[in-house]
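*Asks:* Here is how the chains run, residue by residue.
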Amino acid sequence: MIKQFFTAAVILILMSTTALAESIKIGFVTTLTTGAAIIGVDQKKAVDLAVEHIGGKMGSLDVKIVYEDDEFNPQKGKQKTEKLIKSGDIDIVAGYIWSHVLLASAPVVLNANKILISANAGPSPLAGKNCHKNFFNISWQNDQTPMALGEVLNQRGIKSLYILAPNYAAGKDMVAGVERTFKGKVVGKDMTTWPTQIDWSAEFTKVKSAKPEAVFTFYPGKHGAAFLKQYAQAGLSSTPLYSVYTLDSLSLPRLQQAKMTGVLGTTMTQFWSPDMDNAQNKRFVADFKKKYGSYPSFYAAQAYDSIFLIKSAVEATGGKVSDTNAMRAALEKANFPSVRGKVRFGNNHFPIQNFYSREVVVDSEGKWTTKITGVALKDHQDVYAKHCKL
Amino acid sequence: MEISFVVEQLLNGFQLGVLLFLLAAGLTLVFGIMDLVNLAHGSIYMIGAFFAATMTLALDSFILGIIIALPMTLVLGMVLEFIALRTLYSRGHMDQVLATFGLILFLNELVRIIWGPAGLAIPLPLLLDGSISLPLGIVYPTYRMFIILIGIIVAIGLYYLVSKTRLGMLIRAGASNRTMVGALGINIRLLFTAVFGLGAMLAGLAGMLIAPINQAQIGMGEDILILAFVVIVIGGIGSIRGAFIAAIVAGVIDTMGRAFLDVLLLALLPANAAEAAGPALSSMLIYFLMAVVLIFRPQGLFPARNG
Amino acid sequence: MRLKKNVQEIGVSCLFILFAIIPILAPAIGEAFYVDVFARIMIWSIAAVGLNLVLGYGGMISFGHAAYIGLGGYTIAIFSFHEINNGFIQWPVALLISGLAALLFGALSLRTRGVYFIMITLAFAQMVYFLGVSADKYGSNDGLNIWNRSEFKIYGLDFSIDDNLTFYYLTFTILILIVFLVRRLVNSRFGMAIQGTRSNESRLEMLGVPTYVYKLTAFVISGVICGLAGILQANFERFVSPDMMDWPRSGELMFMVIMGGMGTLMGPVLGATAFLVLSEVLSSLTVHWHLIFGPLLIILVLYARGGLGGIIDRGQKDG
Numbered sequence: 001m002i003k004q005f006f007t008a009a010v011i012l013i014l015m016s017t018t019a020l021a022e023s024i025k026i027g028f029v030t031t032l033t034t035g036a037a038i039i040g041v042d043q044k045k046a047v048d049l050a051v052e053h054i055g056g057k058m059g060s061l062d063v064k065i066v067y068e069d070d071e072f073n074p075q076k077g078k079q080k081t082e083k084l085i086k087s088g089d090i091d092i093v094a095g096y097i098w099s100h101v102l103l104a105s106a107p108v109v110l111n112a113n114k115i116l117i118s119a120n121a122g123p124s125p126l127a128g129k130n131c132h133k134n135f136f137n138i139s140w141q142n143d144q145t146p147m148a149l150g151e152v153l154n155q156r157g158i159k160s161l162y163i164l165a166p167n168y169a170a171g172k173d174m175v176a177g178v179e180r181t182f183k184g185k186v187v188g189k190d191m192t193t194w195p196t197q198i199d200w201s202a203e204f205t206k207v208k209s210a211k212p213e214a215v216f217t218f219y220p221g222k223h224g225a226a227f228l229k230q231y232a233q234a235g236l237s238s239t240p241l242y243s244v245y246t247l248d249s250l251s252l253p254r255l256q257q258a259k260m261t262g263v264l265g266t267t268m269t270q271f272w273s274p275d276m277d278n279a280q281n282k283r284f285v286a287d288f289k290k291k292y293g294s295y296p297s298f299y300a301a302q303a304y305d306s307i308f309l310i311k312s313a314v315e316a317t318g319g320k321v322s323d324t325n326a327m328r329a330a331l332e333k334a335n336f337p338s339v340r341g342k343v344r345f346g347n348n349h350f351p352i353q354n355f356y357s358r359e360v361v362v363d364s365e366g367k368w369t370t371k372i373t374g375v376a377l378k379d380h381q382d383v384y385a386k387h388c389k390l
Numbered sequence: 001m002e003i004s005f006v007v008e009q010l011l012n013g014f015q016l017g018v019l020l021f022l023l024a025a026g027l028t029l030v031f032g033i034m035d036l037v038n039l040a041h042g043s044i045y046m047i048g049a050f051f052a053a054t055m056t057l058a059l060d061s062f063i064l065g066i067i068i069a070l071p072m073t074l075v076l077g078m079v080l081e082f083i084a085l086r087t088l089y090s091r092g093h094m095d096q097v098l099a100t101f102g103l104i105l106f107l108n109e110l111v112r113i114i115w116g117p118a119g120l121a122i123p124l125p126l127l128l129d130g131s132i133s134l135p136l137g138i139v140y141p142t143y144r145m146f147i148i149l150i151g152i153i154v155a156i157g158l159y160y161l162v163s164k165t166r167l168g169m170l171i172r173a174g175a176s177n178r179t180m181v182g183a184l185g186i187n188i189r190l191l192f193t194a195v196f197g198l199g200a201m202l203a204g205l206a207g208m209l210i211a212p213i214n215q216a217q218i219g220m221g222e223d224i225l226i227l228a229f230v231v232i233v234i235g236g237i238g239s240i241r242g243a244f245i246a247a248i249v250a251g252v253i254d255t256m257g258r259a260f261l262d263v264l265l266l267a268l269l270p271a272n273a274a275e276a277a278g279p280a281l282s283s284m285l286i287y288f289l290m291a292v293v294l295i296f297r298p299q300g301l302f303p304a305r306n307g
Numbered sequence: 001m002r003l004k005k006n007v008q009e010i011g012v013s014c015l016f017i018l019f020a021i022i023p024i025l026a027p028a029i030g031e032a033f034y035v036d037v038f039a040r041i042m043i044w045s046i047a048a049v050g051l052n053l054v055l056g057y058g059g060m061i062s063f064g065h066a067a068y069i070g071l072g073g074y075t076i077a078i079f080s081f082h083e084i085n086n087g088f089i090q091w092p093v094a095l096l097i098s099g100l101a102a103l104l105f106g107a108l109s110l111r112t113r114g115v116y117f118i119m120i121t122l123a124f125a126q127m128v129y130f131l132g133v134s135a136d137k138y139g140s141n142d143g144l145n146i147w148n149r150s151e152f153k154i155y156g157l158d159f160s161i162d163d164n165l166t167f168y169y170l171t172f173t174i175l176i177l178i179v180f181l182v183r184r185l186v187n188s189r190f191g192m193a194i195q196g197t198r199s200n201e202s203r204l205e206m207l208g209v210p211t212y213v214y215k216l217t218a219f220v221i222s223g224v225i226c227g228l229a230g231i232l233q234a235n236f237e238r239f240v241s242p243d244m245m246d247w248p249r250s251g252e253l254m255f256m257v258i259m260g261g262m263g264t265l266m267g268p269v270l271g272a273t274a275f276l277v278l279s280e281v282l283s284s285l286t287v288h289w290h291l292i293f294g295p296l297l298i299i300l301v302l303y304a305r306g307g308l309g310g311i312i313d314r315g316q317k318d319g
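Protein chains in written order, with the numbering used here: chain A, 1 to 390; chain B, 1 to 307; chain C, 1 to 319.
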């Protein structure tokens, strides 16, 4: 009798908890205004597509996404994050393109004992000494991609390199990354004013007189297209250009529009490419192209992955999203189909993954895209992980 | 250091200066004559670039694109003046700064809705794509040479307009004594609208010239607006001559800073400190220049009038 | 006049009462998030009251006051970075640094007039901004987290501002003190002289008033008040970045002062409240909110001269 009563009670409790948590609410903070919105909009498209692909469900829970715009401003980003945490019944917070917005906002989420998943920004403090048990990054740490590029330069026997990058935190990370692995000589280096400088004539003249075997650059967003155009216009086309985060699915259509054929065949490194051969990626890229008419960017790929990552944890915990400890344990397993193929988390909750060299090519429909040409770094973990005490 | 390197850097500085001049000329005219601080001048520069890019893509010709886009920015400028800015002439500088700041927010968002957040890119015209060889073994991009040329033509044209024509006479008179021009029975309102339109067209031209180098992009106006203000303040408000000289000086100093500061600092400081200080100093250089000029000449180099 | 004065006092009291009860009111209506919004409003109000001293009363159009907010904030952040969390050290040094910067920049800028003044103050602020961007050690433009708020421990006294509610009321108290201080200041002989420079500077000079020194003093006080706002902002956000001193921030601060009504005591507080509430509400409606916000600002400038505060605060100005 007592036993039956208990069973009934347990069933009732279970029913009531599932009844209470019928949906999972994910806050997604990205940039939807200002010129930087081009990235945020691409991420939003990917998240919408991911939700569509999972039929709006994670396990038995309905998925609800609340988008917030950070206005490319750390104070606003933090404010929007507070809004999510305090006035919404948000279960998980994800998104964040910019390091400064993430650094400002992260404590808000983490202090509330919620899970935070960065879909792009990977600043070194959060990978190293300030890593946090509830913080996950589904993209990469800044230094890794340029480190992979340094290896590519070594593989190709390049002995002298000129470096051009913007003078801000990510720019410095990228330069530090390539300098860490590149074994040749850096014959010149210019760090330009960010974000106001969009003319490189003085720097290009210096490059010409330094006569390097190759040039390394990092100019994200609108600066990338401008940089590449001016590079060709300055008569530097004969000097091979190696870049990170400068050529992507957002800038390539612009460059094609401007008939900048000089970028075809240029090399970069990345953890992912639209042509990667796995079922998840094929479905993602094909449906993204069908729905939005363009290739997804790597920002979109990361955002898409973030939804599947969350889904895996929700299903593993049987929908107990409010149980942060259980969710964390499930997330750590990274048991989800990633568009990049195999990925796992390191001790600091940053991915350990391959980095590939990619080349700009023309696809079968005449659109410009990128193709993987080789593996630059295998199963690579960022260098800050060793400072993380998790 | 080779002489050709220095000359090429001078050309780079000159080209930047010429572009700044196109922006500053309109700004200083509007400022000098109507006493209007127009922060939205940069937005007109941006819209000029979008007009030219749209037209170039539609007609497949950069030159045709510019020819059509120029009158479009002229009209845009006059419409803006007529609707929003005219009422600001009698207001203090602060009201003007704020109202035109509001206009920037509005125009940026409007452009984003019309053209999307990605911006527009256009190819260089075939004729101007490539490099030309100059004496001393200098190879310089043709298109940048073209910008310098256009800038010089516009500068000469403006000089002629201001010093030799009746409109120019009115402009000069307006800059030094507004009430008197009005008292002479000149239609001040029409003059103001015309001058504003002219300024808008020059800003638009600057945007059009930069479009094939960078691209038409939201927010491009704010990046360069402050520099244009620095130029007209150094040159002395209302002075075309001052704007030209200050623009060239600012362009050359900025470029020279980027070209030589790192080498110079390496000779003076330890490598680490030099590497850190170089970019910081070169980004501040132009503001230093302005501060120094204003400390010694509080009215700029060529003041057209008090104020 | 008497009626206006009463209206003004009622308006001001209402606003302060609202500030006082928000921490109780907001959670009660299920919008706890508004406590943070209002803490921010009060911090910006302090800065706006500071700017108003030179902008409204002194007629000096400074387009670079975000620099002093930034310097105040960065001082706290840098101390905290080096694990010096004692507020008794942090705060005076931060105030001193923003004051010294205001002294230097003000001394040079006040040699110019009109638009030249606007631009030179902007130039100095941009230099400070680029200094922040270049400070690799302190996060460059990624900014710097502040893991511990200022601590006030002395002789057994241990005042902690870690709790957001305590912090809220500390800010509230500081705001009231600053408003009171500025009120005393503008009604003093010094304040009269400052207001005199706005309308007729040469006459004052003729009367033997050292206007340059007076204006510079006002400029420094205003810089220090903005520095204080920066201290609070850094502690509240637990984060600083160069964005907090970029030129649009200076512009927004000016907006708050103008919206509320320049040269009125409570105008800046009203303006900061209106500006921040409006942008919060509009931005939650649509991502295209600038399309509404921009024209709204223009209309306000064109048709509501004297700003919001002008409507209820005019008695103060005349009296």
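No lab work stands behind these hints, which were simulated from the structure alone.
Keep in mind the model is a prediction, meaning the values are calculated, not measured.
Among the hints, erroneous ones may be present.
[Unchecked claim] List time: in silico DSSO-like cross-link candidates among lysine-lysine, alpha-carbon distance up to 30 Å:
(1) C:Lys153 with A:Lys189
(2) A:Lys386 with C:Lys137
(3) C:Lys137 with A:Lys129
(4) A:Lys183 with C:Lys153
[Unchecked claim] Computed far set for chain B versus chain A, every beta-carbon distance over 10 Å:
(5) Leu57
(6) Leu64
(7) Phe82
(8) Ile245
Think of the CB as a built atom: it goes at the ideal place given N, C-alpha and C, for glycine as much as any other residue.
*Asks:* Hint by hint, note whether the structure agrees.
*Replies:* Going down the list of hints, with the structure as the test:
Of the supplied pair hints, the one linking lysine 153 (chain C) and lysine 189 (chain A) is violated, its CA atoms being roughly 48 Å apart against a limit of 30 Å. With a C-alpha separation of about 20 Å, the suggested pairing of lysine 386 (chain A) with lysine 137 (chain C) holds against the 30 Å cut-off. Between lysine 137 (chain C) and lysine 129 (chain A) the CA atoms are separated by roughly 15 Å; this keeps the pair inside 30 Å, and the hint holds. Restraint check for lysine 183 (chain A) and lysine 153 (chain C): the C-alpha separation of about 52 Å exceeds 30 Å, so the hint is violated.
With a cut of 10 Å on Cβ distances, leucine 57 (chain B) falls inside the contact zone with chain A, its closest approach being about 7 Å. The claim that leucine 64 (chain B) is not at the interface with chain A holds, since no C-beta of that chain comes within 10 Å of its own (minimum 17 Å). Every CB of chain A is more than 10 Å from the CB of phenylalanine 82 (chain B) (nearest about 29 Å), matching its label as outside the interface. Every C-beta of chain A lies more than 10 Å from that of isoleucine 245 (chain B), the closest at about 20 Å, which supports listing it as non-interface.
The structure fails hints 1, 4 and 5 (numbered hints given earlier, in ascending order).
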